[in-house]
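Q: Now for the letters of each chain:
Protein chains: 2
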Amino acid sequence: MNSKLSEFLSTVAKKVDDYIFSNIKGQPEELYEASLHIIRSGGKRVRPAILMASGLIFTNNEEDLIPFAASVELIHTFTLIHDDIMDKDEYRRGVKTVHTIWGEPIAITAGDLLFAKAFEIITNDDVRKRIDASRLAWAAHELSKATATVAEGQALDMSFEKRKWVTLNEYLRMVYMKTGALLEASAKIGGIIAGASPENVRLLGEYASKIGIAFQIRDDYLGLYGREEVIGKAVFNDIRRGKKTFFVSLAYQIGDDELKALLDKLLGNQSAPREELEKLAMKMESAGIKKEAEDYMEKLMGEAIEAISSLKNTLNNEYIEILKELAIFIVKREK
Amino acid sequence: MNSKLSEFLSTVAKKVDDYIFSNIKGQPEELYEASLHIIRSGGKRVRPAILMASGLIFTNNEEDLIPFAASVELIHTFTLIHDDIMDKDEYRRGVKTVHTIWGEPIAITAGDLLFAKAFEIITNDDVRKRIDASRLAWAAHELSKATATVAEGQALDMSFEKRKWVTLNEYLRMVYMKTGALLEASAKIGGIIAGASPENVRLLGEYASKIGIAFQIRDDYLGLYGREEVIGKAVFNDIRRGKKTFFVSLAYQIGDDELKALLDKLLGNQSAPREELEKLAMKMESAGIKKEAEDYMEKLMGEAIEAISSLKNTLNNEYIEILKELAIFIVKREK
Numbered sequence: 000m001n002s003k004l005s006e007f008l009s010t011v012a013k014k015v016d017d018y019i020f021s022n023i024k025g026q027p028e029e030l031y032e033a034s035l036h037i038i039r040s041g042g043k044r045v046r047p048a049i050l051m052a053s054g055l056i057f058t059n060n061e062e063d064l065i066p067f068a069a070s071v072e073l074i075h076t077f078t079l080i081h082d083d084i085m086d087k088d089e090y091r092r093g094v095k096t097v098h099t100i101w102g103e104p105i106a107i108t109a110g111d112l113l114f115a116k117a118f119e120i121i122t123n124d125d126v127r128k129r130i131d132a133s134r135l136a137w138a139a140h141e142l143s144k145a146t147a148t149v150a151e152g153q154a155l156d157m158s159f160e161k162r163k164w165v166t167l168n169e170y171l172r173m174v175y176m177k178t179g180a181l182l183e184a185s186a187k188i189g190g191i192i193a194g195a196s197p198e199n200v201r202l203l204g205e206y207a208s209k210i211g212i213a214f215q216i217r218d219d220y221l222g223l224y225g226r227e228e229v230i231g232k233a234v235f236n237d238i239r240r241g242k243k244t245f246f247v248s249l250a251y252q253i254g255d256d257e258l259k260a261l262l263d264k265l266l267g268n269q270s271a272p273r274e275e276l277e278k279l280a281m282k283m284e285s286a287g288i289k290k291e292a293e294d295y296m297e298k299l300m301g302e303a304i305e306a307i308s309s310l311k312n313t314l315n316n317e318y319i320e321i322l323k324e325l326a327i328f329i330v331k332r333e334k
Numbered sequence: 000m001n002s003k004l005s006e007f008l009s010t011v012a013k014k015v016d017d018y019i020f021s022n023i024k025g026q027p028e029e030l031y032e033a034s035l036h037i038i039r040s041g042g043k044r045v046r047p048a049i050l051m052a053s054g055l056i057f058t059n060n061e062e063d064l065i066p067f068a069a070s071v072e073l074i075h076t077f078t079l080i081h082d083d084i085m086d087k088d089e090y091r092r093g094v095k096t097v098h099t100i101w102g103e104p105i106a107i108t109a110g111d112l113l114f115a116k117a118f119e120i121i122t123n124d125d126v127r128k129r130i131d132a133s134r135l136a137w138a139a140h141e142l143s144k145a146t147a148t149v150a151e152g153q154a155l156d157m158s159f160e161k162r163k164w165v166t167l168n169e170y171l172r173m174v175y176m177k178t179g180a181l182l183e184a185s186a187k188i189g190g191i192i193a194g195a196s197p198e199n200v201r202l203l204g205e206y207a208s209k210i211g212i213a214f215q216i217r218d219d220y221l222g223l224y225g226r227e228e229v230i231g232k233a234v235f236n237d238i239r240r241g242k243k244t245f246f247v248s249l250a251y252q253i254g255d256d257e258l259k260a261l262l263d264k265l266l267g268n269q270s271a272p273r274e275e276l277e278k279l280a281m282k283m284e285s286a287g288i289k290k291e292a293e294d295y296m297e298k299l300m301g302e303a304i305e306a307i308s309s310l311k312n313t314l315n316n317e318y319i320e321i322l323k324e325l326a327i328f329i330v331k332r333e334k
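Chains as they are written, first to last, in numbering that gives the first Met the number 0: chain E, 0 to 334; chain U, 0 to 334.
One or more hints might be untrue.
What the hints assert, rightly or not - Coverage of chain E stretches by chain U, computed from C-beta distances (three or more under 8 angstroms per stretch; other residues unrestricted): (1) 126-134; (2) 152-166.
Stated by the list, open to error - So, partial list: chain U residues that the calculated Cβ filter (under 7 angstroms) puts toward chain E: (3) Ala-115; (4) Arg-129; (5) Ala-132; (6) Ala-147; (7) Arg-162; (8) Trp-164; (9) Val-165.
Since the hints were derived computationally from the structure, they do not count as laboratory data. C-beta atoms are modelled at their ideal positions from N, C-alpha and C, and glycine is treated no differently.
Extracted from the complex, chain E is given alone in its bound form (with noise of 0.2 angstroms):
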């Protein structure tokens, strides 16, 4: 990772860490604890850097930015912790997932608890004293549309499991509404309280949408040719759960009748043997697929990156920079 985003990267992480954790206090210490042990646990706070980056574009008002950026990590977090419950996951960034520790009735209401505290965080006494109300009215609108369409998301990917094969383009659709959304939102969000005109906030949500489809393409590639010892865990998880990754969509797509079969033989066999799944990864690699992914993320990080090199009235453009660090940090990374 370039040092200037790994920098800033860990700036905002710290700040913003500690926003919550000043923040997000109360009774029952129980929930409390349970709420905030996923972000204890670790994470990247992308989310919150994009906010950050997108809103010091055109501001130098950094603490403005904080309670939102903040927020977005807020509703990231409970989403994970609600997905965690309806998986059955036990762990999640190497620690045991909030249901497991507490149970699911506690996990469900930590989760709420912090939807709520997103919400109550921008638009306490202290922000709207220093934000210029109509944005931040905007601000929140983002903020629950996008929380709206993360649910319809994992509405959609549910209803996925159940069926044989989805289209690429469903597959993407529900991507852009798992993934895509929540990172839209924190970029534009940050370009509405630095004051970006409408057509800026725009382009920073287009940036930050195709990152977010890259992101979880990048993650699919990853689940089937990503080093175990590097990403740290298990590769070919996706296939032996039955996930419709990018992968899988475009192989009932494209792919022929050998590989087609195999993945019939493969998707959701938990105990798949691991030179089936190299075959599969092979064959896929063969069928053309394992390049279309590559190309599809080379093509979401070139219009990322035009959609934030057409920004305009820009006062700090090390930002830009950085936000472009991040795209093609998204479709490098290794893990």
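Following the hints, position chain U against chain E.
A: Quick look at chain U alone, frame taken from chain E:
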């Protein structure tokens, strides 16, 4: 019920339902069906009614209040959907609960969607054009703060299940959090959007939080002394399920050894015989606990009525009368 109050409740219910069903639409259809299921199954729309009446005391502009009235009902419904999952309840309002029909993952997501939509509809372009932005942000803050309080109250209530008994003060605090806070926010938001002064907004909130607590105590009361054919559910259910009600808290606090021993035997005993439960209800009455509950509800009702009687610069006093009738109804209702 007073006929003006009853007419007002039906009018509000119709308008709010129309608004909800025309505005909460989308894909996947299954998710929206699940989200709207409990709203379709009935309910009195008490929170929207309190919001509308509180606002109409200060404005004739009913249209502006409707999205906010819908939003408090969406928040209320989201908490019902999630609570039913946590309590493993199979029925609500005479229909199967959301998770019973669609499964837990869709039910969790359906609740999350309504939560997001509640904030989306009060911040959308149309509302942002019509409502003063700082009042809108203030209203969003009251709504998010109350929703966080409901989550805290839910966790507190769950923590009570693990304890043998709780004090009356602990019980009252939990009831304020689970029921009072959202009613309080509903009344305040009505006033805020209608342009009421901060002091009037505070008084409206005081009114509604008091009747919220009284509402729950009346529920507890009907769970012991109600008539099954009127309330439409089994009396003594609360005792069988081990709920720490107003009566249980006070019995452990002021009851004699015999009453406490009887409670120890029956509380949480799913197969407790009816005659013993009736004996418990009588013993509570002779210990003065029924009278304490009646006095406490009267006190809350009096304070609620006093609060709205202190409103200044009101425009339409007939809505003060409606809120007074509502306070009386809540304390006197037989179901």
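Q: Starting from the hint list further up, note which numbers the structure goes against and sort them upward.
A: 4, 7, 8 and 9
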